[in-house]
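K.L.:
Residue-level listing of the chains:
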Amino acid sequence: MRPDINILVVDDFSMMRRIIRKLLRELGYMNVAEAEDGNTALPMLESGDFDFLITDWDMPGMAGIELLRAVRDDPELSDLPVLMVTSESRREYVLAAEAAGVDGYMVKPFTLDALRDHVDRVFGSLAVA
Amino acid sequence: MSAELQKNKESCGDQPPAIVGFEHINRYWDPQNSVFAAKLLPGEYYVSTTGEMITTVLGSCISACIRDKVFGIGGMNHFMLPDHAENQNGSWENTKVNAATRYGNYAMEHLINDILKQGGRRDNLEVKLFGGGQVLRIATNIGGKNAQFAESYVRMEGLTLAAIDVEGPYPRKVNYFPATGRVRVKKLEPLHNDTVVSREEKYLHSLVETPVETEIDLF
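If you read the sequences in order, they're chains A and B.
All the letters of the first sequence, read from the start, carry residue numbers -2 to 126 under the working numbering.
All the letters of the second sequence, read from the start, carry residue numbers 34 to 252 under the working numbering.
Keep in mind that a hint or two might mislead.
[To be verified] In silico DMTMM-like pairs for lysine to aspartate or glutamate, Cα to Cα no more than 20 Å straight-line:
| id | chain 1 | residue 1 | chain 2 | residue 2 |
| --- | --- | --- | --- | --- |
| 1 | B | Lys150 | A | Glu33 |
| 2 | B | Lys150 | A | Glu63 |
| 3 | B | Lys150 | A | Asp34 |
| 4 | B | Lys150 | A | Glu89 |
| 5 | B | Lys150 | A | Asp55 |
| 6 | B | Lys72 | B | Glu234 |
No wet-lab data here; the hints were simulated from the structure.
Fair warning: this is a prediction, and the values are worked out from it, not measured in the lab.
This is chain B alone, in the form it adopts within the complex (with noise of 0.2 Å):
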């Protein structure tokens, strides 16, 4: 780390303490942009009041970013949906609302949820959508499906939808500012990237396995 890096890392003092709930995402010292960062995963959210950077790469999964304008508090989700045709088993067969808006419903909700719990008002609530592209090595468009419903779930809950960038055959990697609502997107090279696809292949998978359910049995 050099000199100067150093100097504005102390000059931000020490790393600020992660909201109940998300002491599992990886959080660190991100000397390029001289911020403190919170790395998503596939499947991870994550909020944050303190003027940290959120930062994930997206194949086929959306992002959405959300923030509370006036107050500054906001975060970031990175999901997609169970592949509908891989996942019609068991109950799920015969139910027109299928596992897929189940799942990402949940998605968006459980970050609006947290948004709001740290005291983000849903009327100041505005929206980024990313991601979406076409980069499984599998035939259906999983990366446009996801961005359909993530802009169909903006419209539904009459949020403001302030900027997106989805679809197309590249993976991005997006840095969010949820104080500011600053967004850096970049465009990857497709065929460099085997990474992204390989987890989100993984990902994929494990969506499918695991039953969108839990319940509780107390009465």
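Next comes chain A alone, as it looks inside the complex (with noise of 0.2 Å):
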């Protein structure tokens, strides 16, 4: 764990970013920067120095999986860990976050431990890779 990291929470409700803000931070992560979708998002990560994102599926302007896309797309953000955070649980959602190259996908509401395990699991697979 790298409780140093820099991560990015894209949602369009505030009380959401908030709850994944808090329930990282109780995970130990406390560089957290928040963007209401993918438009202010995209800009962020490419003038910034993420190591993380966590993403809604629907939001306004640009949605997750176009923001997935576009972060895919980009020669400079390509390997950045994505995780998608969403109520859509039907499989063509799950299987289409997945073909973009998604790295995990986690269905609201989720506990602290979800979170944890996912967390870990993506930096987990780095470390071996």
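From these two lone chains plus the hints, build me the complex, please.
P.N.:
As structure tokens, then:
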């Protein structure tokens, strides 16, 4: 675990951003920035030094799946680990996210343990690779 | 059904189909209001674009009535937060973002997302909050907590609170017309509504027993 990593949380609901930020803080991750949709997030990712992206799917402006695709298409960002946090549990959504290159997919509402597992899995798999 | 009511129903045509995902909601013709209606039970929510009335009876539960006031697309939820004291088990115990907050957030977000999916715009949303009465036969004021959560949610999301009628010692019957935003609230006699109280107590216990989590493991 690297507590100093920079995480960007993207969700159009400020309550949801606050919940994720608080849960991350409890897991020991203190460097968390927020954006309200993909259009705001993408420039932040391009100019910032982020290690991990946690994004919602349903957002006005640029949705999470489009943000994920934009990240994978950007040579500077293509390796960025991305966790999708969404209330869409339908199979076609999960498969679309997987096809777009998501690293983890978590359905709301979720517990602290579920978030910890996902974060550990993403960074654990990076360490192996 | 009287001849006049029958005529009204005919002039309204057939019952409009429910939006995909809401087929399980109890929907019927309401002769009193001459309108097709959808009746919500605790834990349910419903979105309509066809001029239906959404109705429910609230004890300590909260209903948020939310609509796009420009396009007349809107809906209602009916929820309560799991009782914090009873819900301190396992992994939630040591987290400051308790299950109650996450559960309430889920109920509000689902309704809003579905309104947006039907073409509503976030900037046009107006919210009306009802319920949160102190009616359950337990000591804690769950109704008050539900009301406070809903109010703080609306504030935090920067939504417009157009009306609020919460707390107090009585259940409420709420009729909501998302197309126009009109709401009729009837305060019910507390002592004569054991059905509401029993139903909510059952709902509350089901919340305590069901973990607030779904997860898909593909990776």
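K.L.:
Looking at the structure, which of the earlier hints fail to hold?
P.N.:
Result: no hint breaks.
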